[in-house]
Amino acid sequence: MIEVKHISKKFGSSVVLENISVTFQKGITNLIIGQSGSGKTVLLKSIVGLHQVDEGEIWFDDRLYNTLSFNAKKEIRKEMGMLFQGAALFDSSTVEQNVKFPLDMFTTMTMKEKLNRVNFCLSRVNIQNANNLFPSELSGGMKKRVAIARAIALNPKYLFCDEPNSGLDPQTSILIDKLISDITKEYNITTIVNTHDMNSVIEIGEKVVFIHEGKKLWEGNNTEIMNTSCVELNDFVFATSLAKKIKEK
Amino acid sequence: MKFLIAAGNYFILMAKVFAKPEKFNIYYKQFLREIENVGINSFGIVVIISLFVGAVITIQTNYNLENPLLPRYLVGVTVRDSLLLEFSSTMVALILAGKVGSSIASEIGTMRVSEQIDALEIMGVNSASFLILPKIVAAMFFFPILSLLSMFVGIFGGYILCLFTDVISPSDYIYGIQYVFYPHYISYAVTKTVFYAFIIVTMSAFQGYFVQGGSLEVGRASTKGVVYSSIMVLLANLILTKLILS
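Protein chains in written order, with the numbering used here: chain A, 1 to 249; chain B, 1 to 246.
No wet-lab data here; the hints were simulated from the structure. Any given hint could be a false lead.
BS3-like cross-link-like pairs, simulated, lysine-lysine; straight-line CA separation at most 30 Å [what the hints assert, rightly or not]: (1) K20(B) to K112(A); (2) K73(A) to K244(A); (3) K245(A) to K78(A); (4) K73(A) to K242(B); (5) K20(B) to K157(A).
Simulated DEER-style distance windows between Cβ atoms [what the hints assert, rightly or not]: (6) M111(A) to I231(B): 25 to 35 Å; (7) F18(B) to G37(A): 48 to 58 Å; (8) T107(A) to F210(B): 52 to 62 Å; (9) S8(A) to Q212(B): 35 to 45 Å; (10) S14(A) to L216(B): 14 to 24 Å; (11) R220(B) to P170(A): 29 to 39 Å; (12) D54(A) to T191(B): 14 to 24 Å; (13) Y28(B) to N188(A): 48 to 58 Å; (14) S14(A) to I231(B): 28 to 38 Å.
Positions of the beta carbon are idealized from the N, C-alpha and C atoms, including for glycine.
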């Protein structure tokens, strides 16, 4: 479980996050939604520690994370996996080397054990016969799946996904969403997904947090979101004319 | 003020770079990879430039020593001392700042803007140390070798010129390069090169590590890396020369 308590973040004089408190439960897919520029990426990066918050507390289970030293944070980070918007695979390494990297860095496994683990993780995300390919030779969806394989290589307790569907077609997006949701349940981990894709909200949004102009305006689930009275959320969810027509019916 | 912030960030980065490595064997593999990237891949350019510069210094020195009272072997002496004292250390370092420095800044900068550095941090890896320390060690180990190579090739370039032209006789040239030789010049040049290696890698890596934006900013960081490291190399040259040769 991850708890965020009253966090605020400014860049210069611009307030990006304002007094946000939310709890992300274990074993379910937690979604942060909001328009582009609403502050959801900053929130996610603040939770993982890539941005330092100005105020508030971030708890990973019973550990207060944001005030820890660099070395103490590193220990908690070893329990995290993250899927970045652009996948962030290491360009000059093959798929196999990318997934093997955290194992090389933090385990004392033999080479055979590492390769078994790499192949298991790749098969888990439905990637076959791609061990020796470089990221530049992969499609967008494959890159995301390899990044998920790398993120789960060390059996993380926390999984973070920043816009996992950006640049993907709707069918591949659903596959990636389903994969994230399945992995969350299978390993009973705390997963936080940043998205503005309404398909994702409907498919996997067991808990949804809506961020608007740096503030948390609403939280609920994918059923409750359809009947919300929050004006800003309604504007976001039913932004397209098709969605408006569906709601009217 | 901007300079002080940049200087502060540079020293904070260096503190991260010289933290205890997570796993020595991974860093050793990185070190071997960097030996190839920053060292072996620079062999060609150092050999070609040194060969031609050695030959050109021979011609220019001969041109300026037309007085018949001056012995011809002085051409060899001048070529040797020019190469040992300045060209093979400082000039080669400036060439390497252009080649290696820009490559380091753009490599690390691209990793920053494509979130690969963030990915390392999230895994619990000290990205600064993992990416920069092997480059520093490889450069400090290999740049002196390139400098020594440049000395030999430069002197050889002058000799080749003597063999195929009538600038001076090869025997005068050989006599000149052996005349009143101070081995201390070599240790002076190697010492300078070790400092230059540190400056070039850290200044360029610093520019790449803190880049923000996209490909345009990566290009700018690469240019800044070359410019700042070249200026720092020249400043270090002045200080080290004063300290060592005074």
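Here's how the hints hold up against the structure:
The suggested pairing of K20(B) with K112(A) holds, with an alpha-carbon distance near 28 Å, which does not exceed 30 Å. Between K73(A) and K244(A) the CA atoms are separated by roughly 45 Å; this puts the pair beyond 30 Å, and the hint is violated. A C-alpha spacing of about 46 Å is found between K245(A) and K78(A), which places the hinted pair above 30 Å, so the restraint is violated. With a CA separation close to 45 Å, the supplied pair K73(A) and K242(B) exceeds the 30 Å bound.
Of the supplied pair hints, the one linking K20(B) and K157(A) holds, its CA atoms being roughly 26 Å apart against a limit of 30 Å. For the hinted restraint 25 to 35 Å between M111(A) and I231(B), the CB-CB distance of approximately 46 Å leaves it violated. For F18(B) paired with G37(A), a C-beta distance near 38 Å fails the hint of 48 to 58 Å. Range check, T107(A) to F210(B): about 31 Å between beta-carbon atoms, so the 52 to 62 Å window is missed.
Checked against the hint of 35 to 45 Å, the pair S8(A) and Q212(B) fails, with Cβ atoms roughly 22 Å apart. In this structure, S14(A) and L216(B) meet the distance hint of 14 to 24 Å, their C-beta atoms being roughly 23 Å apart. A hinted range of 29 to 39 Å for the beta carbons of R220(B) and P170(A) is consistent with their spacing of about 38 Å. As the Cβ distance of D54(A) to T191(B) is approximately 47 Å, the hint placing it in 14 to 24 Å is violated.
Between Y28(B) and N188(A) the beta carbons are some 37 Å apart, a value that contradicts the proposed interval 48 to 58 Å. Our hint of 28 to 38 Å for S14(A) and I231(B) holds, since their Cβ atoms are close to 34 Å apart.
The structure is inconsistent with the numbered hints 2, 3, 4, 6, 7, 8, 9, 12 and 13, although it conforms to all the rest.
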